[in-house]
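Visitor: What follows is each chain in one-letter form.
There are 2 protein chains.
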Amino acid sequence: MWESELQNWENLLPAFREYRNEFQNIQHLRNIGSVLHWDMEIGIPKDGLAERGDQLSFLSGLAHKSFISDPFRKLAERAREENSKADLPGKSLRERELHLLFKDLDRSSCLPISWVEEFSKTTSEAHSIWVDARKKNDSSIFLPILEKIVGLVFQKADLFGYSTEAYDALLDEYEPEAKASDLEILFSDLRKSLVPLLAKAKDSEFPFVGNFPIDSQIPFNKSLPVLLGLPESGFRLDASAHPFSTSLGSFDKRITTRYEDSDPLSSVYSVLHETGHALYEAGISLIIGGPSPLKDSVSLGVHESQSRLWENQVGRSKEFWEGVYPIFLEKMGIKESSLPFAKLYSFVNRSKPSFIRVEADQITYNLHVILRFQIERAIFRKELALKDLSKAWKDGMKDLLGVDVPDDAKGFLQDVHWSGGAFGYFPTYSLGNIYAAQLYSAFVQQNPKFPEELKKRETSSLLAWLRKHVHSKGRSLEAKDLIREATGEEPNSKYLVEYLGSKIKEQESI
Amino acid sequence: MWESELQNWENLLPAFREYRNEFQNIQHLRNIGSVLHWDMEIGIPKDGLAERGDQLSFLSGLAHKSFISDPFRKLAERAREENSKADLPGKSLRERELHLLFKDLDRSSCLPISWVEEFSKTTSEAHSIWVDARKKNDSSIFLPILEKIVGLVFQKADLFGYSTEAYDALLDEYEPEAKASDLEILFSDLRKSLVPLLAKAKDSEFPFVGNFPIDSQIPFNKSLPVLLGLPESGFRLDASAHPFSTSLGSFDKRITTRYEDSDPLSSVYSVLHETGHALYEAGISLIIGGPSPLKDSVSLGVHESQSRLWENQVGRSKEFWEGVYPIFLEKMGIKESSLPFAKLYSFVNRSKPSFIRVEADQITYNLHVILRFQIERAIFRKELALKDLSKAWKDGMKDLLGVDVPDDAKGFLQDVHWSGGAFGYFPTYSLGNIYAAQLYSAFVQQNPKFPEELKKRETSSLLAWLRKHVHSKGRSLEAKDLIREATGEEPNSKYLVEYLGSKIKEQESI
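Respectively, the protein sequence lines represent chains A and B. Once you know that position 480 of the first sequence is 480 in the working numbering, the rest is easy, because the numbers rise by one and skip nothing. Once you know that position 399 of the second sequence is 399 in the working numbering, the rest is easy, because the numbers rise by one and skip nothing.
For reference, chain A alone in the conformation it holds in the complex (with noise of 0.2 Å):
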């Protein structure tokens, strides 16, 4: 393992190992604000919020110059210095750990004081204009202050610097060196191939009905991140009004859900989503040796690849339900005749166009970020401009989803990230979508047993696979190479759209 190589030789390289120290102080300060942020999330009072704000921009105020600091960096420097005069094993390790500290060191120190201020003070001035323009479904409201985020976000693509497209540089925040060119033909090959599959596709005819008392759900919901391979001593799950997953140290893992009186699967699919998300981090915690640049995760989609494997091709497989369908039906007190299996099944596959992102099937929800991927780029390269973004929405929804979308609310205004500057990180979701079945598939293959396993709720092989192919690499390798050297190929869309195609051929059968 290289991790252990790192740390036999540490002892010899002082100043590498100093720099060490200096940031893990500086995680430690990271950590402390995902309690802060966690605390907030699931229930502080509602007078201790605005406090909480102050004490979280203190905070990350506190980090942020203290990883930018003067003596840090020269600390870095040092260590740098001493790796590439010293012959010792595990120094290309070190030169890509020191690597990526220089580059998210310049990430963080390129963006001066005044835009910083100025991005913060906008932003944070978008978020309540978005909340009314939407609300009121007005996005001429909306519109100016979405111009003056583009053009502070241009700005930040010129000081991060690019060599093709500013969007490029944007996309290099969530899913490092990833290029909008790649991603371009990646994205059409998934379009071309799901556009046809969706007529196919089936909604469920089964509708809800009933109470599920929200106490009546917790038990089955804290079973599951076991289930999955996360320790009981390792993890609280609670309650909050979005569904996430953080990690406040290194073996504490926090998960949230939602839940739903009228949908006892809305609180499973997100404690599976969130679980994944967790297992991943729990992996890279799992790396030898205190907190380095390289112990973190590679990119957003690949994080996001690890929720997306469990919630779907683990947690809507046939299998994954065999097994846990008698124990569902009991922890949750329902009875088997009000929930049939064939047609809890059929429900948890549906499928059927729509226009909110965030409540679509799993097949139709790559289109949703296709198309914001494709606005998103065009906006950057100056092929869209603002006042024609309500257009080419409802034009895209109707060539991708074959969708009316009757107004602005039900369109562009539907998503926070926008409002909040965070361009280039839609394309992550679907990007994670296509790792995910990627991965999964590679991993079935080597393992041909693991659905009669899951059958069994037995999940360990494929948590040691992930922790072997994915988790134990944490940033050693950038996340096209880390998905070839896993799956032996580049990444692709082939293994998600045929995912995908099973899935409604499935439901066509029932």
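These aren't lab readings, by the way, just hints derived from the structure by calculation. Here the structure is a predicted model, which is why all the values come from computation and not from measurement. Each hint should be verified, as a subset may be incorrect.
Copies of the same chain look alike in the list, so a pair counts if it works inside one copy or between any two.
[Claimed, not checked] 30 Å max Cα-Cα, derived DSSO-like pairs, lysine-lysine: (1) Lys449 with Lys382; (2) Lys331 with Lys222; (3) Lys382 with Lys394; (4) Lys468 with Lys46; (5) Lys46 with Lys331; (6) Lys222 with Lys200; (7) Lys46 with Lys222; (8) Lys192 with Lys202; (9) Lys156 with Lys121; (10) Lys391 with Lys85; (11) Lys456 with Lys46; (12) Lys156 with Lys85.
Given the structure of chain A, go ahead and fit chain B onto it with the hints provided.
Guide: Just chain B, lined up with the frame of chain A:
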């Protein structure tokens, strides 16, 4: 109000404002530490404990270093100089604030790193030795390290400085400006009156039978802080192994309780007690302006008085129970026949001499504390060698409570405090009881209708009075002066004795 005066003149005192801004940052660090602590107590995953310890020690180190840093001291010195030169309203209060600040600073800076490290190492080692000794009921395991701790605490007293006796320096950490000789008089009066009362004290003849599921206990407990005046949007109630109250911010108070399914009143009294602490902290936070050394609790004794007053004077009164009894039964799902009013009321006011302080009733509790005070003072006057501790304890218990302590596990090994080097802390428990009775008596004298209001669950006049006479004072007065100004008398045990006497009398007549 004194604080509004300060506020108005702040702009004319730029150095003062600058020091206050930096103080705010230090307060952020302390509050953030409280978030981490709170989370650790209410349900951190077990595997996260070790790293949480690292995060906390990193954070408290950071707060400590920022506080005692040269730049901060220089800011404070400039503020002091500025204030002494400018003849502006509020001058003497700012003098008081800066006096407290420099006292805190000197306190925090006078202990050499070597002492702090030695003390921290020794007490952390002592904790597990103490656990072991108590478990094995073998004080010989614990005495050697206790000897070492006492030696270190003697050193601390010398470093803090004192004029009459070392124990005064220790007391000052928890009850600023308290003197052992004054406490001796106060406690001696209390002892003389209490011991004869004990003969008439009566244990409850009502044993709880049945099971009170924890979930059914929660709603009533959640309603209590609101009933006492804590805003619903400003607190959270959770469960923890040891009940506590903490401030995560000015308007974010957290309370915990411990639920026992064999006794539905145990959690109730913890909630009343901790709510009292939280109301004090919330009242202090209402003082105008940001954090300052004045905007803090004046002493642990006064802090404890606020918890005891709500727990005992209010929470064990007949009027309180007349007001909440029907709600208590309904929310807890208890039938009146299984817990008749008279039995419940007698149960919450029961008294019986016993070995263990934390299980003691409101009457005998103070005698447990007086014993500890006598012993601690004797140790630090070098009148008691640790080898004689066991005998001194047993003699004292016989003398004060009339019980024969069978062994050291039920004797001097019962409390955690000494293993942590906390000498001088115990007396604040009884000071709290003394202050509580004296404050409540003064309040009722001025508000004779309060008992009638309480029957209607109306507590706002009491909270308003406490805010005016205690909470809003912050640290502007020393505890002794605060009590005198609030009640018109020097602190004395007369009202506590009266209160406890009336309780015993009531029990007799049942």
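Visitor: Decide, hint by hint, whether the structure agrees.
Guide: Tested hints:
In the homo-oligomer, the alpha carbons of Lys449 and Lys382 never lie at most 30 Å apart, since the shortest distance is 51 Å inside one protomer and 75 Å across protomers. Taking the shortest alpha-carbon separations for Lys331 and Lys222, both the intra-copy value of 11 Å and the inter-copy value of 27 Å come in at or below 30 Å. In this assembly of identical chains, Lys382 and Lys394 lie within 30 Å of each other by CA distance solely inside one copy; the values are 19 Å within and 87 Å between copies. When the C-alpha separation of Lys468 and Lys46 is checked against a cutoff of 30 Å, the pair qualifies only between copies, where the shortest distance is 25 Å, while the shortest distance within a copy is 43 Å.
Taking the closest pair of Cα atoms, Lys46 and Lys331 come within 30 Å of each other only across two copies (25 Å); inside a single copy the shortest separation is 33 Å, beyond that limit. In the homo-oligomer, the alpha carbons of Lys222 and Lys200 never lie at most 30 Å apart, since the shortest distance is 36 Å inside one protomer and 53 Å across protomers. For a Cα distance limit of 30 Å, the shortest separation of Lys46 from Lys222 qualifies both inside one copy, at 27 Å, and across copies, at 16 Å. For the identical chains of this complex, Lys192 and Lys202 are intra-copy neighbours only, at 19 Å inside a copy versus 85 Å across copies, given an alpha-carbon limit of 30 Å.
For the homomeric pair Lys156 and Lys121, the shortest alpha-carbon distance inside one copy (15 Å) is at most 30 Å, but the shortest distance between copies (49 Å) is not. In this assembly of identical chains, Lys391 and Lys85 lie within 30 Å of each other by CA distance neither inside one copy nor across copies; the values are 59 Å within and 68 Å between. With identical chains, the CA atoms of Lys456 and Lys46 are at most 30 Å apart between copies only, with a shortest distance of 28 Å across copies and 44 Å within one. With identical chains, the CA atoms of Lys156 and Lys85 are never at most 30 Å apart, being 35 Å at best within one copy and 49 Å at best between copies.
Of the numbered hints listed earlier, those contradicted by the structure are 1, 6, 10, 12.
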